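Student: Residues per chain, in single letters:
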Amino acid sequence: MVDLGNAAPPDIIEFQGTTKRFPGVLALDRVDLAIHRGEVHVLAGQNGAGKSTLVKLLCGLYIADEGAILLEGKPYAPRSTVAAIRAGIRIVYQEFNLLPYLTVAENIFFERLPRRAGLVDFARLFRDAEAMLAQVGLEISPRARVETLGVAQMQLLEIAKALSTQSKVLILDEPTATLTPPEIQRLFGIIARLKARGVTVLYISHRLQELFEVGERITVLRNGRKVETLAARDASIPRLVRLMVGKELGEEYPFHPESGIGAEILRVEELQPRGKPHAVSFALHRGELLGAAGLVGSGRTELVRALFGADAKESGRIYRDGSEVSIRRPRDAVRHGICLLTEDRKAQGLILAMSCSANVTITDLRRVSHAGLLQDSAERSATRELVDDLDIKTPSVDQLVANLSGGNQQKVVVAKWLFRRSEVLIFDEPTRGIDVGARFEIYQLLWRLAAAGKGILIVSSDLPELMGICHRILVFSNGKITGDLPRSGFSQERILSAAYQEYVHGRPQADSTAGTGHA
Amino acid sequence: SARAEEKKPVVGLVMKSLANEFFKSMEEGARKFAAEDGTFTLVPVGMNSETDIDTQISAMENFITQKVDLICVAPADSVGLVAPVKKAIKAGITVVNFDVKLDDKALAKAGLKDLVFVGPDNREGAYLAGNELAKKLGKGGKVFIIEGNPGADNAKMRKAGFEKAAKEGGLKVLVSRTAHWETEEANTLVTNLLTSHPDVQGIMAANDSMALGVVKALDAAGKSGKVQVVGFDNIPAIQKLVKDGKVLATIDQFGPEMAANCIKTGFRMKKGEHLKGWLKTPVKLITATDLM
Amino acid sequence: MRVKQILYLLLREAGIGLALILMVIAFSAAAPRFASMANVTNILTQISINTVISVGMTFVILLGGIDLSVGSVLALATIVGGMIITNENLSPGTAILLSVLGSALTGCLCGVFNGVVCERWKIHSFIVTLGMLNIARGAALQISNSRTISEFPDAFNDVGAATIFGVPVIFLIALAVVLAGRFILARTVFGRMIYAIGNNEEAVRLSGHDPSVYKVVAFIVCGGMVGVAAIIYMMRLNIASPILGVGFELNAIAAVVIGGTSMSGGKGSMIGTLLGASIMGVLNNGLLLLGMGDFARQMVTGLIIVVAVIIDKYRAQAFLRSSYELAPAPPREEPHLRDTGPGPRV
Amino acid sequence: MRVKQILYLLLREAGIGLALILMVIAFSAAAPRFASMANVTNILTQISINTVISVGMTFVILLGGIDLSVGSVLALATIVGGMIITNENLSPGTAILLSVLGSALTGCLCGVFNGVVCERWKIHSFIVTLGMLNIARGAALQISNSRTISEFPDAFNDVGAATIFGVPVIFLIALAVVLAGRFILARTVFGRMIYAIGNNEEAVRLSGHDPSVYKVVAFIVCGGMVGVAAIIYMMRLNIASPILGVGFELNAIAAVVIGGTSMSGGKGSMIGTLLGASIMGVLNNGLLLLGMGDFARQMVTGLIIVVAVIIDKYRAQAFLRSSYELAPAPPREEPHLRDTGPGPRV
Ligand SMILES: Nc1ncnc2c1ncn2[C@@H]1O[C@H](COP(=O)(O)OP(=O)(O)OP(=O)(O)O)[C@@H](O)[C@H]1O
Ligand SMILES: Nc1ncnc2c1ncn2[C@@H]1O[C@H](COP(=O)(O)OP(=O)(O)OP(=O)(O)O)[C@@H](O)[C@H]1O
Ligand SMILES: [Mg+2]
Ligand SMILES: [Mg+2]
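Residue numbers (our numbering), protein chains in the order written: chain A, 1 to 519; chain B, 1 to 292; chain C, 1 to 346; chain D, 1 to 346.
Looking at chain A on its own, in the form it has when it is part of the complex (with noise of 0.2 Å):
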């Protein structure tokens, strides 16, 4: 159990000046920060902020270059993760860190294995995640493979995996970027268990509105300095934008009704993913941003997936522009002008041991080459106006998409789609992990696009924001459509209503052989 002798001091972590330099980039200025014991703190800021660098300063993965770092009003530096989880220090990684051909139960208790006379304990590990599961309200056999997984389930697999031991701090970095309310209102109810037991949690998201729900007290971050740490009863949506941006935004989604539905760009009639038992149908405008909301596992990326030939497909037909067209992989969907931001950008969208110019003119390497060759400058000026267009924080093109910031990676790779000029856009979850302000731009973007003639399919669990920017919802459930709401219909209350639909007569599908494999 957590110690909560009378000497100790209030502060269970305190940042006295703390510097973190990368090449090029100062992650932190000498951050001042004092982390109550027992509170549920937040760290709010931009893409790039230095959230994430701060706590992995926690975890043993930097190392300061100046200040300290009080842990229970010791100094703390450690070297090792080993030395952070000794320590008592859990984190969920912004980034998954699981081990694909193991099982569920191996990954949750992967710090130590139960064992019994030196042998795995097996009966033990998979009965101890079973209920591990069942309290982060995942519901997949614990003897199933990760790699069967969707990236939802990953993410709560990561949290479970963070629970399996007792901690005295626990650090969630953006758990909830891939989670639908559901999923959410448990991980609040699972924090809330913990802050009773005396834990504290450090607390990372974009999504505002959050904050204010779980946190109670709100550090902003910008460009590396603490801007302010006040109480979340004290801020506001507004007030915290500003802090974090530096200026006022206006409306959070842009919507302009005025700008015309064209024709049909886009039809897709029974398409029945490989191995999933439901087929559909839907069709997409030009000029229409269509949302997709489902709860988590509810087979959007599945869809889409299929649709762009990443995955096989059963059966089904797709007809862009009236006339039907064979996708048999991702070539043929980019030849006939579509597109697919994939959810999972480390392990799909990104390279991440190259640079940002490489990674965005990949999708379309003949605008930036001549009879093989690459142009050097053109490649260059094409990427640095993406990399304006949509503020992605970089010291410059040529840096590795590796050293960029979690949010900055996913706008390389909203970047990369757009670089292609497709005409029918589907993006996956494109604003995971991208904050208030670049969403802003984001949505902009695609508005512009929209307005143009293309047509935009947009898969996200941020519901609100689907609400905020779409035309025309299609609500998915269990593999099905089960609503296709236009945007005068709109409400939480209908679309979470249609989610459920197909689920109500027992619960979701969930054995070892779910999952479609996009590991």
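What the hints contain is simulated information worked out from the structure, not anything from laboratory work. There may be inaccurate statements among the hints.
[Claimed, not checked] Residues from chain B that keep clear of chain C, each with C-beta distances beyond 10 Å, as calculated:
#1 Thr-39
#2 Pro-44
#3 Asn-62
#4 Lys-105
#5 Asp-121
#6 Gly-222
#7 Ser-224
#8 Met-269
#9 His-274
#10 Leu-275
#11 Trp-278
#12 Lys-280
[As the list claims (entries may be wrong)] Only pairs whose alpha carbons sit at most 25 Å apart, straight line, appear in this in silico PhoX-like list of lysine-lysine:
#13 Lys-136/B - Lys-113/B
#14 Lys-346/A - Lys-122/C
#15 Lys-67/B - Lys-226/B
#16 Lys-122/C - Lys-313/D
#17 Lys-90/B - Lys-8/B
#18 Lys-135/B - Lys-167/B
#19 Lys-313/C - Lys-122/D
#20 Lys-167/B - Lys-139/B
#21 Lys-270/B - Lys-87/B
#22 Lys-280/B - Lys-109/B
#23 Lys-122/D - Lys-346/A
#24 Lys-226/B - Lys-8/B
Source: prediction; values computed, not measured. A virtual CB, placed ideally from N, CA and C, is assigned to each residue, including glycine.
Use these hints to put chains B, C and D with the ligands onto chain A, whose structure you have.
Tutor: What follows is chains B, C and D with the ligands alone, placed relative to chain A:
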């Protein structure tokens, strides 16, 4: 007819690396003999490399399983093959050793002191070549020895023969190094050795493949014809160089005849002849005059 | 083990097993003596050494590493073992015991070198074990003065020739090694760590474990297995030689990969490795019995190695009944088996 | 190229270059004739073949693949080339031309097999090229009937012996190949795709490309380079033989890896490969000039291969001079250079 075919005695021929031209010509000799003779079925087996003792032993085991009538074996390791030979003899198969003699001590210990060996004297052959070189260079001549695979029996014997000739002929062996029977390696080796020992006058290569590389090294250094080379095996590719005077001499062991000889010997034994010990086959020094 | 489980196991391993069965049927039909008891005994004898080495190699490959030094280390271990066993100052019993220890220890020490250098300097095992390949070979030639060592005690040699109901004792040793390896991979924490590291070393590190330790141990295990293989070699062939084992690394790696273990680590099984080694052995033996010419044999061997793996792929596809090859990481929907551990094919 | 870039380049390549320089200094001091012009010519001649093969290998390894068949394919290509060039019905000029084409084509065809089988069935290149290793060797032995072919036209042989100001023509060919390879990797779309696929094939696929096409081409390029190496071999040694090239794959891979290319793909450079091949050549030459015995030389070679890579690592660490090794995926802050391809060198 098929029935008659079945009754024909089967001869298993276990050789070393058929990749080596010498063994290949040996196999061809055996096949030719088998075709001409027509009274037996020949099953030749070669290894992928000369150091593949393991596969050779497996081949022996397979022949024992098949209950062949006669096994002729050219061992890749003179000690390692004694045990399977013993096993074959126990199984009632006539075994004749050829090309490389099985180790006397190991044979004695296995109770096979008198096992018949049909083959040349590698040491003698190397000695002949070395002797020719010694005669050409005269006392005090400085030479390299380019060895075969370290550990291989014929490599050891050829080296011993060269050393004996060098000693008797008063040659000074500057260095003795292996090039693993390989042309390119011999070329690189000798090129580099020429740098550290520019005063060399003769080179003894343990086979002709290496001699080919040696000659190229001398060509490149502008020393061909000035530094004398002797080789071993008399492969076709070396003959032109012998004629041109770039190679002083090589040794012919008459491989094609050797295997046929071995098979013949085996059948003589099967007919009841009591043969034992070493039945030497000829080794011949080949110089330009032999090739005219 | 329940019937259902056995069935699953068969199905799961069927891919490469199928290739093996097809091969056996073909050879039995074509080569008259192939299916005889005596020939089966031969094959089992012939695959023992490769099997034991491949078990060690499986550990290393599961980690995403490779060990090119096994052939040379095998030679070195026989030389050390051979020098001890032929030491005339020792009684045969002691000599045998010390020799076995000596061989195993030699293998382990080479493994220590491989593992420690790889991990201390984070160098890919390919280059370190390539270094070791040369070092061990040079050392074997040097200390043996390039001579073959023989004349081991009869008691020792007899083990190599012994059979129990036609099954060679050395194959039983190899089988025991395979089963032990399977148990370790499936049931022990060490085994799970091996898989985990091969999956995502980074994640293992972030979980507070030190992958280096496990990796070094895996190399030591591999070295140790080579030591055991050296003893089997000496028992079987009754010699110790500094030039043996050339190219064995390729055979071992081929057995492991044919057996379904992924070269990039994290996925694979010991039974697969055993099947892989069997395929190689059957192929060698069968083609020889067919009386195929040497060069043709070499070509056919190369072709069949590839074909065997292709058959495995087709099975996987048919079994999954889907075209997941289009998907990034084909989800294997294998029913989970408790007794083989929860992870990948074991 | 601006001065700053050259400086970066030097620094970046310094690691393994440093090892090379240290080695050259040591040998110059210890072996009197090492630093002579004639000896430099020798070394350059000796590394030419390995360099050309290694260039091809670099493409394959950058993709995360491997090609074990290069040695056998080299032999096969010399046999094909040798049979054409010694064909008496052809005029020397035609014979040379056709022979060069024949060798190169043979290499390319073997590359097609390797690439297509790997990609069609998604089999790891290790196993496919292991198959090819046997197939090509068997074929070479079969069609040549295991005989060495010699007596090529003088015009052809002369090229192998020619030097320009002490620099062997065949080394100039090798150098041209290296520079061409570097240009392709750094400047062309194909090169960019090679790096990208080596880093994250799935992301490339989902970006609307077909990685298989590029991978097959890389294997063909590798095979083609082996064909070129075969021609150089024939020029240099004036023979074609079915048994040459055994073990060349290990030398080539070693050169590539010593040169800093990552075995798991995506990172590496052609200049590194050239330096790697040079280290191997200098080592071989220097140790011999020191008069070291065969066995000791083999051991020392093994050791130095490892040490050279360790030196490279130290340089990398010193250059970064930071605690990033603690970081999960050690972010490498090497300045990005467009002209050497997009991946950082590791
Ligand atoms: N929490 C869960 N419990 C059970 N099964 C789930 C869960 N999450 C996903 N699945 C399975 O995953 C499959 C759908 O996944 P997919 O990734 O397409 O959904 P999604 O709507 O994109 O949701 P998300 O990407 O948010 O996970 C379904 O077959 C479902 O059975
Ligand atoms: N390993 C690294 N090397 C170089 N620069 C880095 C590295 N890690 C982070 N940075 C830079 O440090 C800054 C802060 O990054 P950090 O990941 O802390 O941002 P963040 O607040 O977590 O942003 P996000 O909300 O997008 O996740 C960014 O500009 C980023 O590019
Ligand atoms: Mg972050
Ligand atoms: Mg999804």
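Student: A separate judgement is required for each hint: does it hold in the structure or not?
Tutor: The hints, checked one at a time:
no.	hint	verdict
1	Thr-39	holds, 18 Å
2	Pro-44	violated, 8 Å
3	Asn-62	violated, 6 Å
4	Lys-105	violated, 8 Å
5	Asp-121	holds, 20 Å
6	Gly-222	holds, 33 Å
7	Ser-224	holds, 31 Å
8	Met-269	holds, 24 Å
9	His-274	holds, 28 Å
10	Leu-275	holds, 26 Å
11	Trp-278	holds, 20 Å
12	Lys-280	holds, 24 Å
13	Lys-136/B - Lys-113/B	violated, 40 Å
14	Lys-346/A - Lys-122/C	holds, 24 Å
15	Lys-67/B - Lys-226/B	violated, 56 Å
16	Lys-122/C - Lys-313/D	holds, 8 Å
17	Lys-90/B - Lys-8/B	holds, 22 Å
18	Lys-135/B - Lys-167/B	holds, 12 Å
19	Lys-313/C - Lys-122/D	holds, 8 Å
20	Lys-167/B - Lys-139/B	holds, 10 Å
21	Lys-270/B - Lys-87/B	holds, 18 Å
22	Lys-280/B - Lys-109/B	holds, 23 Å
23	Lys-122/D - Lys-346/A	holds, 23 Å
24	Lys-226/B - Lys-8/B	violated, 56 Å
The structure fails hints 2, 3, 4, 13, 15, 24 (numbered hints given earlier, in ascending order).
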